[in-house]
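So the protein sequences, as listed, match chains A and B. Take the first sequence: its letters are residues 3 to 426, numbered as in this note's numbering. Take the second sequence: its letters are residues 3 to 426, numbered as in this note's numbering.
Check the hints yourself; a few may be wrong.
Note that identical chains are pooled: a pair holds if it fits in a single copy or bridges any two copies.
What the hints assert, rightly or not - SDA-like mimics (lysine to any residue), calculated; alpha carbons at most 25 Å apart, straight line:
1) K141 with L345
2) K130 with I219
3) K414 with Q178
4) K414 with A26
5) K79 with R206
6) K130 with P175
7) K79 with A312
8) K130 with A346
9) K144 with T320
10) K79 with A319
11) K414 with E251
12) K130 with R397
13) K144 with D290
14) K141 with S180
15) K130 with T342
16) K414 with D378
17) K130 with L345
18) K414 with R397
19) K414 with P28
20) K144 with S180
21) K130 with R241
22) K414 with N138
Calculated directly from the structure, the hints in this document are not laboratory data.
2 protein chains.
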Amino acid sequence: MDDQQITIARNYLVGSRGRLVLDAMPYRGAAQVLTVDEADPRIPVYVGDSASGGTALATGTATSIGRVSTAAGTDQKLASVMELASAAGFATGVVSSTSITDATPAAFVAHIDQRYCQGPSSMELVDKTHPQYSTNCSKDYKSRGGRGSVAEQIAESGLDLILGGGLRDFDQPVEQGSGTTVLDLARQNGFSIIRNRSDLASIRGQDRTIGLFSDGIMPVKLRGSGGAIAEFVQREDGRVLWPEPFACEDNPEFADVPTLAEMTGAALRRLDGPRGFVLMVESASIDDQAHYWRTCGHIGEVGQLDEALALALDYAATHPETLILVTADHGHAAQLIPETSELAPQEHASPGRFARIRTPEGGIMGVNYSTNDSPDWEEHSGVQVPVYAAGPGVRALPPFMHQVDVFGIMLKHLGLGTGTAGTH
Amino acid sequence: MDDQQITIARNYLVGSRGRLVLDAMPYRGAAQVLTVDEADPRIPVYVGDSASGGTALATGTATSIGRVSTAAGTDQKLASVMELASAAGFATGVVSSTSITDATPAAFVAHIDQRYCQGPSSMELVDKTHPQYSTNCSKDYKSRGGRGSVAEQIAESGLDLILGGGLRDFDQPVEQGSGTTVLDLARQNGFSIIRNRSDLASIRGQDRTIGLFSDGIMPVKLRGSGGAIAEFVQREDGRVLWPEPFACEDNPEFADVPTLAEMTGAALRRLDGPRGFVLMVESASIDDQAHYWRTCGHIGEVGQLDEALALALDYAATHPETLILVTADHGHAAQLIPETSELAPQEHASPGRFARIRTPEGGIMGVNYSTNDSPDWEEHSGVQVPVYAAGPGVRALPPFMHQVDVFGIMLKHLGLGTGTAGTH
């Protein structure tokens with residue numbers, strides 16, 4: 003997310019004169035994102051993906067698009083904050099509303115050449131169907147001495163708690179023809195597997211748990227009224243037919259899964275203790291919903307982030323040594339623009355997808371998605387992303403940083419590093 | 003400007019691993035912009051213009067699009083920070099790289115129903131040619147007992163220094179058929195008029211000066227190589243013909259006018275003194291160049307802002323009671339996106355205007371303008387805008403505010419108010 007998604011969500015959820023929980027954070031800065039070219043890592047690439055962004059945050063190193071905590075060009079494994087913290091005795095957890103094998107959570111747990119090598123079967127698929135990717139899964143097969151898919155690496159990881167979607171990447175054989183599934187592998191490594199919202203309450207003190215609450219991405223909280231999304235603006239005889247404004251409504255599918263706040267609450271209860279802990283929580287579908295022109299979708303997922311943050315701040319209120327950082331892996335396509343063209347509303351409108359959203363406070367927001375004419379998705383943005391922080395020393399953080407510096411801030415707080423900038 | 007224009011400029015001017023002067027400011031937050039409907043000011047409007055944004059900053063009140071320091075619906079005159087400061091004995095100045103009659107500088111000096119009532123002749127033009135505007139100039143004619151055009155109000159103002167473009171709004175009769183020009187009016191009010199870069203050095207201690215260095219908007223610093231700008235992406239047989247990357251070059255017209263930094267330096271020399279002062283400096287054409295798809299143009303104008311800021315910081319280093327605020331009236335269309343589509347580069351590209359910019363550090367930036375299909379301009383964005391600050395107490399400023407709160411921050415620093423939020 004970037005400031006666009008935050009502003010759009012604020013206007014809808016609390017009104018233009020209101021404040022999100024996020025807005026009350028004592029520190030806010032901006033982080034320059036940076037990705038590098040796979041073939042020549044000296045060449046900067048200005049727009050990244052969740053893999054390169056997640057890797058920058060988790061490891062403090064700029065890498066190429068698609069890479070998960072491995073170095074551009076060399077495939078060198080990059081140590082993540084979770085591994086360093088775990089080795090130093092901290093409890094560790096990852097929560098995400100997407101598949102927990104997706105790039106951002108994966109960057110905190112796994113190391114792989116190509117983000118879409120999410121489960122054993124998807125490794126073969128990636129190599130067959132996406133030869134254009136700058137990296138592939140070929141070196142990562144376990145049968146070839148590799149580290150295996152992201153799901154296999156999660157199953158064999160040392161984390162204490164992992165909650166999210168992505169069951170399908172685990173509920174499959176570790177290798178074609180094998181009788182052992184990735185779930186079996188996880189159980190052999192000491193994980194309990196939970197699959198229902200009601201199981202969250204049963205997570206016990208020392209259990210190591212993987213929670214998988216949906217096959218892939220978890221359902222989101224809000225949708226456009228009757229499923230409305232942004233669409234290409236229609237014209238008739240050279241005149242713009244402005245789309246009807248719509249409001250947001252609850253997504254019925256959302257009722258069956260735990261909320262991000264419920265998963266966060268369960269994680270805080272599980273990880274709390276004298277060892278201290280590191281927890282990464284991702285409201286993942288702000289990205290996904292913006293890719294697919296679902297304005298109410300990304301509004302609701304900023305809302306989920308805000309609710310999870312409120313819980314974290316409640317925890318920190320009684321545990322003042324807690325550092326909370328909120329940031330993004332990359333910016334996105336959605337843009338808040340006039341709800342009808344200011345200059346020539348009869349003749350001109352966005353050439354891309356456009357939604358008019360009726361807000362509870364009585365206004366109409368124009369939200370534009372116009373980064374390509376693809377039927378498949380919108381592009382990311384390379385805009386600097388917000389960094390919010392609460393906790394010890396946050397007012398001394400610099401207002402501008404590079405995304406890789408977030409890693410150093412975490413390490414310094416954990417007493418595991420100098421807090422200097424990452425390598426980039 | 004918003005974080006998009008800043009990131010695009012940083013990548014070009016200092017590189018993705020570099021830092022602008024702006025990036026070294028000790029405080030950075032974000033401000034929610036807010037505009038209201040002219041017919042019913044209770045209804046929020048989520049995307050504003052330079053008039054409503056300038057008014058929010060200058061007066062602490064949210065108004066409707068097009069209004070310059072007058073209240074939506076009622077036309078009530080709203081007191082500006084310059085007027086309050088001047089009445090309290092502070093020296094006052096306004097510097098802008100656009101016409102000094104344009105909406106943002108005007109909001110600090112004048113009060114008018116409609117921003118385009120910039121000079122006596124443009125008042126008639128607005129009312130004849132733009133009946134769709136929600137406000138007009140009809141009540142503001144001097145002959146009808148009004149306050150006159152923006153140029154006339156500047157000429158009759160109490161400011162000490164005004165530097166920028168916009169000569170054409172002053173070099174004309176105050177009323178049709180009259181032998182008195184607006185320049186005459188200004189001279190009668192004690193202003194010296196300067197028109198050349200070399201005159202800047204001659205501004206003396208107590209002179210009150212209006213500097214007009216171009217007919218309208220001042221020429222900008224950079225342009226695309228050979229004049230290149232973003233254009234609609236061409237397709238042939240269903241395949242995308244990606245535009246050739248281009249670099250930026252000096253705009254030859256820029257050599258004849260003072261830079262924003264030169265005007266800022268002259269203003270600081272003139273206004274410095276025991277009375278203290280308030281100075282508003284605007285790098286105005288970040289907006290203008292983004293409206294017209296001129297990527298190198300807005301990159302260069304962020305650069306001009308950065309150079310002017312460096313001078314202000316130098317001044318503050320020896321005058322530590324100085325408060326420096328850097329913010330924007332509204333966000334804009336330009337978006338940093340992948341330089342070729344990530345998913346399907348042969349088939350899909352932006353449906354809007356798109357430029358590929360070759361950066362000095364060896365990368366290529368994709369910059370997208372796709373808010374409407376108009377041949378005339380791009381739209382603004384309603385995204386929250388950055389607020390940077392340096393000076394006494396800035397680390398205690400809240401990371402999130404509303405745009406109208408900037409007015410309160412200025413007043414508090416000047417000892418003229420409580421520093422509470424403006425009315426909105």
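Checked hints:
1. Taking CA atoms no more than 25 Å apart as the test, K141 paired with L345 passes between copies only; the shortest distance there is 23 Å, against 55 Å inside one copy.
2. Taking the closest pair of Cα atoms, K130 and I219 come within 25 Å of each other only inside a single copy of the chain (23 Å); across copies the shortest separation is 56 Å, beyond that limit.
3. Taking identical chains as interchangeable, the C-alpha atoms of K414 and Q178 are never at most 25 Å apart, the minima being 43 Å within one chain and 70 Å between chains.
4. Taking the closest pair of Cα atoms, K414 and A26 come within 25 Å of each other both inside a single copy (24 Å) and across two copies (21 Å).
5. For the identical chains of this complex, K79 and R206 are neighbours neither inside a copy (33 Å) nor across copies (65 Å), given an alpha-carbon limit of 25 Å.
6. Proximity of K130 and P175 under a CA criterion of 25 Å is satisfied intra-copy only: 19 Å inside one chain copy versus 75 Å between copies.
7. Taking identical chains as interchangeable, the C-alpha atoms of K79 and A312 are never at most 25 Å apart, the minima being 35 Å within one chain and 42 Å between chains.
8. For the homomeric pair K130 and A346, the shortest alpha-carbon distance between copies (17 Å) is at most 25 Å, but the shortest distance inside one copy (49 Å) is not.
9. For the identical chains of this complex, K144 and T320 are neighbours neither inside a copy (44 Å) nor across copies (64 Å), given an alpha-carbon limit of 25 Å.
10. Taking the shortest Cα distances, K79 and A319 never come within 25 Å of each other, neither inside one copy (37 Å) nor across copies (46 Å).
11. In this assembly of identical chains, the alpha carbons of K414 and E251 never lie at most 25 Å apart, being 42 Å within a copy and 43 Å across copies at closest.
12. Taking identical chains as interchangeable, the C-alpha atoms of K130 and R397 are never at most 25 Å apart, the minima being 50 Å within one chain and 54 Å between chains.
13. Proximity of K144 to D290 under the C-alpha cut-off of 25 Å is found in neither arrangement, the shortest distances being 30 Å within a copy and 56 Å between copies.
14. For a Cα distance limit of 25 Å, the shortest separation of K141 from S180 inside one copy, 20 Å, qualifies, whereas the shortest one across copies, 84 Å, does not.
15. Taking identical chains as interchangeable, the C-alpha atoms of K130 and T342 lie at most 25 Å apart only when they sit on different chains, with a minimum of 23 Å there against 45 Å within one chain.
16. Taking the shortest Cα distances, K414 and D378 never come within 25 Å of each other, neither inside one copy (41 Å) nor across copies (51 Å).
17. Taking CA atoms no more than 25 Å apart as the test, K130 paired with L345 passes between copies only; the shortest distance there is 16 Å, against 49 Å inside one copy.
18. Taking the closest pair of Cα atoms, K414 and R397 come within 25 Å of each other both inside a single copy (15 Å) and across two copies (22 Å).
19. Taking the shortest Cα distances, K414 and P28 sit within 25 Å of each other both inside one copy (19 Å) and across copies (21 Å).
20. In this homomeric assembly, K144 and S180 come within 25 Å of each other (Cα to Cα) only inside a single copy, at 13 Å, whereas the closest approach across copies is 89 Å.
21. In the homo-oligomer, the alpha carbons of K130 and R241 lie at most 25 Å apart only across protomers (24 Å), although the nearest pairing inside one protomer, at 46 Å, exceeds that limit.
22. With identical chains, the CA atoms of K414 and N138 are never at most 25 Å apart, being 34 Å at best within one copy and 58 Å at best between copies.
When the structure is compared with the earlier hints, violations turn up for hints 3, 5, 7, 9, 10, 11, 12, 13, 16, 22 and for no others.
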